[in-house]
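Chains as they are written, first to last, in this note's numbering: chain A, 1 to 188; chain B, 1 to 293.
Rather than coming from a laboratory, the hints here were simulated on the basis of the structure. These numbers come from a predicted model, not from an experiment. Hints are not guaranteed to be accurate.
[As the list claims (entries may be wrong)] Facing chain A, according to a computed beta carbon distance under 8 Å, are these residues of chain B, among others:
#  : residue
1  : 57
2  : 73
3  : 78
4  : 79
5  : 115
6  : 138
7  : 141
8  : 207
9  : 208
10 : 209
11 : 249
12 : 252
13 : 253
[Said to hold, decoys possible] Per label pair, the in silico range of CB-to-CB distance:
#  : chain 1 : residue 1 : chain 2 : residue 2 : range
14 : B       : 125       : A       : 96        : 40 to 48 Å
15 : A       : 110       : B       : 71        : 48 to 56 Å
16 : A       : 172       : B       : 231       : 46 to 54 Å
17 : A       : 75        : B       : 143       : 35 to 43 Å
18 : B       : 223       : A       : 185       : 27 to 35 Å
19 : B       : 50        : A       : 55        : 54 to 62 Å
Every residue gets a Cβ at the ideal spot worked out from N, C-alpha and C, and that includes glycine.
Take a look at the letters that make up each chain.
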Amino acid sequence: MAAIAIDCREGLSEADADRLRAGDSVELTGRVISLRDASAARLARAIEAGEPLPVSLTQQILYAVGPSPPKPGQVIGSAGPTTTARMVRYMPSLFRAGVRAIIGKGELHGDEVAPFLTHRAVYFASIGGLGALLAKQITAASVVAYEDLGAEALYALDIVTFPSVVIIDRHGDNFHERVRAEWAARKF
Amino acid sequence: MNDRRGGPPGPAIREIDVATLRETIARLIVEANYNIPPDILHALRESIQCEESELGRRTLEQLVRNYEIAAAERLPVCQDSGVAVVMMEVGQDVHWTGGSMQEAIFEGVREGTRAGYLRWSVTGDPTRMLKTAGGDAPAVIHVDIVPGAAVKITFASKGFGAENMSALRMFVPADGVEAIRSLVVDTVDRAGANACPPVIVGVGVGGTFETAALLAKKAVLRPIDIRHPRADLCELERALLDDVNALGVGPQGLGGRITALAVNVEVYPTHIAGLPVAVNLGCHSTRRLSTTI
Chain A
1 MAAIAIDCRE GLSEADADRL RAGDSVELTG RVISLRDASA ARLARAIEAG
51 EPLPVSLTQQ ILYAVGPSPP KPGQVIGSAG PTTTARMVRY MPSLFRAGVR
101 AIIGKGELHG DEVAPFLTHR AVYFASIGGL GALLAKQITA ASVVAYEDLG
151 AEALYALDIV TFPSVVIIDR HGDNFHERVR AEWAARKF
Chain B
1 MNDRRGGPPG PAIREIDVAT LRETIARLIV EANYNIPPDI LHALRESIQC
51 EESELGRRTL EQLVRNYEIA AAERLPVCQD SGVAVVMMEV GQDVHWTGGS
101 MQEAIFEGVR EGTRAGYLRW SVTGDPTRML KTAGGDAPAV IHVDIVPGAA
151 VKITFASKGF GAENMSALRM FVPADGVEAI RSLVVDTVDR AGANACPPVI
201 VGVGVGGTFE TAALLAKKAV LRPIDIRHPR ADLCELERAL LDDVNALGVG
251 PQGLGGRITA LAVNVEVYPT HIAGLPVAVN LGCHSTRRLS TTI
């Protein structure tokens, strides 16, 4: 099954968000903003306080990652996804501020899924532990805010054919839950 | 010279400069983060043949490719270089010279982290209540004192995707082996994709509260091509692996048969009233490297 090419230079378009289905393999090309525990907390606080934001979040895709430092000549160090569930409590704020999709890793269930459904956001999961390989799909990286947070700073990342899988779509389907049920039911 | 104060001559004391330890740790942390253990890489390659799910197979192939690239280009296999866990078996005839053994390990971790372009993944204050970074202890150290004059070090970079999904329960004797089984299966099931499957499952049974956790850590760091020497525990490991792989979690939770590469069990005597069980999960890139000084 060929991957669906997604142009995310201006974030995730309304049309793309609508057409994606849980289980779709995608390749994203464009720009994403990094997110991690500390930066998510700070960003959510700023949103709740009505402060000006350091970067526009309108229809933005956030990538849950805390990269390794780059070696000389590298754009970025190893840069695979981190566990999305840890940052779910900040999602309602982030989604209200315009965020349309999250790229991370791991599963979301029940209450963790609710903010995605409420705000019609899309959840993509990439392969955890693919740090060296995924770094090659990142062609530019620059800190846009919160530099004091080190690896947890907000980075603007230019990505090219960045591989991911749609886990939660706008129609409420949860790919992890669906495949788990299918495979658990099979005879070994 | 030995000063035995008139006692019978014993084995010679071996002096080791802590600088040797510092240099060893600095090397181990870099090499462990660039090179996945050969037994895990071998198991991942083998598992591609066994995985029935096409998406699962593709995922496993990507993992192997990542490890090949990381080794060839000398890059961290994962951005989460984790907490440095240093397991030491220190011969009782060893005498450290030249400074603090603990500080030498910490400094080795700092040096290797810088030299290897590894991410600094430790916060000084776990409560996050301090305004400053807090203390600086970039490694967790476990020391066993053993006979002899050698120092065996098993170094691990323990990522927290899997560590966060680990569990410990204090069961009672009446709960029996079924309690071990249920905690192992429930923990892997609950962890799902978050622990970066295919996982390695370390199970610690016995001792006291903290013994079980430490045994589970030792178990998860045992090479996965080595089964427990006790026949009944070897059989338990195989049965638990089958149970876990029947969950259908699959590589990265995308469905399939290969949820775990191995279940390793370690045991220790415990109280007649108790059955402590800990399950420590390791991701597919459970980075460990051993050496002897």
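Now for the hints, and whether the structure bears them out:
Given the 8 Å rule on beta carbons, the hint for residue 57 of chain B is violated: about 13 Å separates it from the nearest Cβ of chain A. Below 8 Å, beta-carbon pairs count as interface contacts, and residue 73 of chain B has one with chain A at about 7 Å; its hint therefore holds. Evaluation of the residue 78 of chain B hint against chain A yields a held restraint, the C-beta minimum of about 4 Å falling below 8 Å. A distance limit of 8 Å between C-beta atoms decides the matter here; for residue 79 of chain B the minimum to chain A is near 4 Å, and the interface restraint holds.
Among the interface hints, the one on residue 115 of chain B is violated; its C-beta lies about 11 Å from the nearest C-beta in chain A, farther than the 8 Å criterion. With its C-beta approaching chain A no nearer than about 14 Å, residue 138 of chain B sits outside the 8 Å limit, and its interface hint is violated. With 8 Å as the threshold, the beta carbon of residue 141 of chain B stays out of range of chain A, its nearest partner Cβ sitting at about 24 Å, so the hint is violated. Residue-level restraint check for residue 207 of chain B is violated (minimum Cβ-Cβ distance to chain A is 30 Å; threshold 8 Å).
Using the Cβ-Cβ criterion of 8 Å, the hint placing residue 208 of chain B at the interface with chain A is not satisfied: the shortest such distance is roughly 30 Å. Hint on residue 209 of chain B is violated. Least Cβ distance to chain A is approximately 26 Å, over the 8 Å limit. Checking residue 249 of chain B against chain A: minimum C-beta separation of about 6 Å stays under 8 Å; hint holds. Interface hint status for residue 252 of chain B: upheld, as the beta-carbon distance to the closest one in chain A is roughly 5 Å, under 8 Å.
About 5 Å separates the beta-carbon of residue 253 of chain B from the nearest beta-carbon of chain A, less than 8 Å, and the hint is met. The beta-carbon spacing between residue 125 of chain B and residue 96 of chain A, approximately 31 Å, falls outside the hinted interval of 40 to 48 Å. At about 40 Å, the beta-carbon gap between residue 110 of chain A and residue 71 of chain B misses the expected band of 48 to 56 Å. The hinted range of 46 to 54 Å is satisfied by residue 172 of chain A and residue 231 of chain B, whose Cβ atoms lie roughly 50 Å apart.
Roughly 41 Å separates the CB atoms of residue 75 of chain A and residue 143 of chain B, a value that falls within the hinted 35 to 43 Å. Checked against the given bound of 27 to 35 Å, the beta carbons of residue 223 of chain B and residue 185 of chain A, roughly 34 Å apart, stay inside it. Checked against the hint of 54 to 62 Å, the C-beta distance between residue 50 of chain B and residue 55 of chain A comes to roughly 45 Å, which is inconsistent with it.
The structure is inconsistent with the numbered hints 1, 5, 6, 7, 8, 9, 10, 14, 15 and 19, although it conforms to all the rest.
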